Amino acid sequence: GIQVEQSPPDLILQEGANSTLRCNFSDSVNNLQWFHQNPWGQLINLFYIPSGTKQNGRLSATTVATERYSLLYISSSQTTDSGVYFCVGGGSEKLVFGKGTKLTVNP
Amino acid sequence: EPEVTQTPSHQVTQMGQEVILRCVPISNHLYFYWYRQILGQKVEFLVSFYNNEISEKSEIFDDQFSVERPDGSNFTLKIRSTKLEDSAMYFCASRGRGSGNTIYFGEGSWLTVV
Chain E
1 GIQVEQSPPD
11 LILQEGANST
21 LRCNFSDSVN
31 NLQWFHQNPW
41 GQLINLFYIP
51 SGTKQNGRLS
61 ATTVATERYS
71 LLYISSSQTT
81 DSGVYFCVGG
91 GSEKLVFGKG
101 TKLTVNP
Chain Y
1 EPEVTQTPSH
11 QVTQMGQEVI
21 LRCVPISNHL
31 YFYWYRQILG
41 QKVEFLVSFY
51 NNEISEKSEI
61 FDDQFSVERP
71 DGSNFTLKIR
81 STKLEDSAMY
91 FCASRGRGSG
101 NTIYFGEGSW
111 LTVV
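Top line first, the protein sequences correspond to chains E and Y. Mapping of the first sequence onto the working numbering: residues 1 to 107, in sequence order. Mapping of the second sequence onto the working numbering: residues 1 to 114, in sequence order.
Just chain E, with the same shape it has in the complex (with noise of 0.2 Å):
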């Protein structure tokens, strides 16, 4: 099956510097998307993108497909961004999430 992996696994930040994180992919996907989990343990839909860019105030990303690997744009980092950023890619049947990336935004 698919294998999703994430890059940094943990991520320390002062509050108002920028972040990319990375998901690579084993295989094509048809379906790709960013989460994050907030610290009550919510998994919030940030992006639908299994390809192209979006933009979503300070967060963007990017999927390029062919080269199977995706990319999470947090800019001008605060506090409230902290918690865990998944990165979840498959077909309709089945949606395989990556380890994540913990992410602490300190002030």
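Hint data in this document are derived by calculation from the structure and do not stem from the laboratory. Warning: the hint list may mix true and false statements.
To be verified - The calculated lysine-lysine pairs, modelled on DSSO-like cross-linking and capped at a C-alpha distance of 27 Å, are:
| id | chain 1 | residue 1 | chain 2 | residue 2 |
| --- | --- | --- | --- | --- |
| 1 | E | Lys54 | Y | Lys42 |
| 2 | E | Lys94 | E | Lys54 |
| 3 | E | Lys99 | Y | Lys57 |
| 4 | E | Lys102 | Y | Lys42 |
| 5 | E | Lys99 | Y | Lys78 |
| 6 | E | Lys102 | Y | Lys78 |
| 7 | Y | Lys57 | Y | Lys83 |
| 8 | E | Lys54 | Y | Lys83 |
| 9 | Y | Lys42 | E | Lys99 |
| 10 | E | Lys94 | Y | Lys83 |
| 11 | E | Lys94 | Y | Lys57 |
| 12 | Y | Lys42 | Y | Lys78 |
| 13 | E | Lys54 | E | Lys102 |
| 14 | Y | Lys42 | E | Lys94 |
| 15 | E | Lys54 | E | Lys99 |
| 16 | Y | Lys83 | Y | Lys42 |
| 17 | Y | Lys57 | Y | Lys42 |
| 18 | Y | Lys57 | Y | Lys78 |
All values derive from a computational prediction rather than experimental measurement.
Given chain E's structure and the hints, the job is docking chain Y onto it.
Using the frame of chain E, we list chain Y on its own:
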């Protein structure tokens, strides 16, 4: 934003007891999923359900697990005889038809087996 709702939010059960976790997917969605997350670990796929039958399941989804969609709106996960290692957050999710649809997750049901 559309919402998947799950109940209960938290359940404590004795080992060996049966548990049913309930989910109301987004109306007009066609694909339904259950995932679980053991504390501090990754989110693991359990099962997907489409057209009133299981379309794919993981090796975790053994005979003690079952899913059904009893009334066209609810989607349930039953664990027949709970074990301590079943303690986890269980997430329900749904998505629409086709490959161009976002998957939406519920807020999860915490299951603690004692």
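Cross-check of the supplied hints:
no. : hint                   : result
1   : Lys54(E) <-> Lys42(Y)  : holds (26 Å)
2   : Lys94(E) <-> Lys54(E)  : holds (24 Å)
3   : Lys99(E) <-> Lys57(Y)  : holds (19 Å)
4   : Lys102(E) <-> Lys42(Y) : holds (11 Å)
5   : Lys99(E) <-> Lys78(Y)  : holds (26 Å)
6   : Lys102(E) <-> Lys78(Y) : violated (31 Å)
7   : Lys57(Y) <-> Lys83(Y)  : holds (19 Å)
8   : Lys54(E) <-> Lys83(Y)  : violated (43 Å)
9   : Lys42(Y) <-> Lys99(E)  : holds (5 Å)
10  : Lys94(E) <-> Lys83(Y)  : holds (25 Å)
11  : Lys94(E) <-> Lys57(Y)  : holds (8 Å)
12  : Lys42(Y) <-> Lys78(Y)  : holds (21 Å)
13  : Lys54(E) <-> Lys102(E) : holds (22 Å)
14  : Lys42(Y) <-> Lys94(E)  : holds (15 Å)
15  : Lys54(E) <-> Lys99(E)  : holds (23 Å)
16  : Lys83(Y) <-> Lys42(Y)  : holds (19 Å)
17  : Lys57(Y) <-> Lys42(Y)  : holds (17 Å)
18  : Lys57(Y) <-> Lys78(Y)  : holds (14 Å)
When the structure is compared with the earlier hints, violations turn up for hints 6, 8 and for no others.
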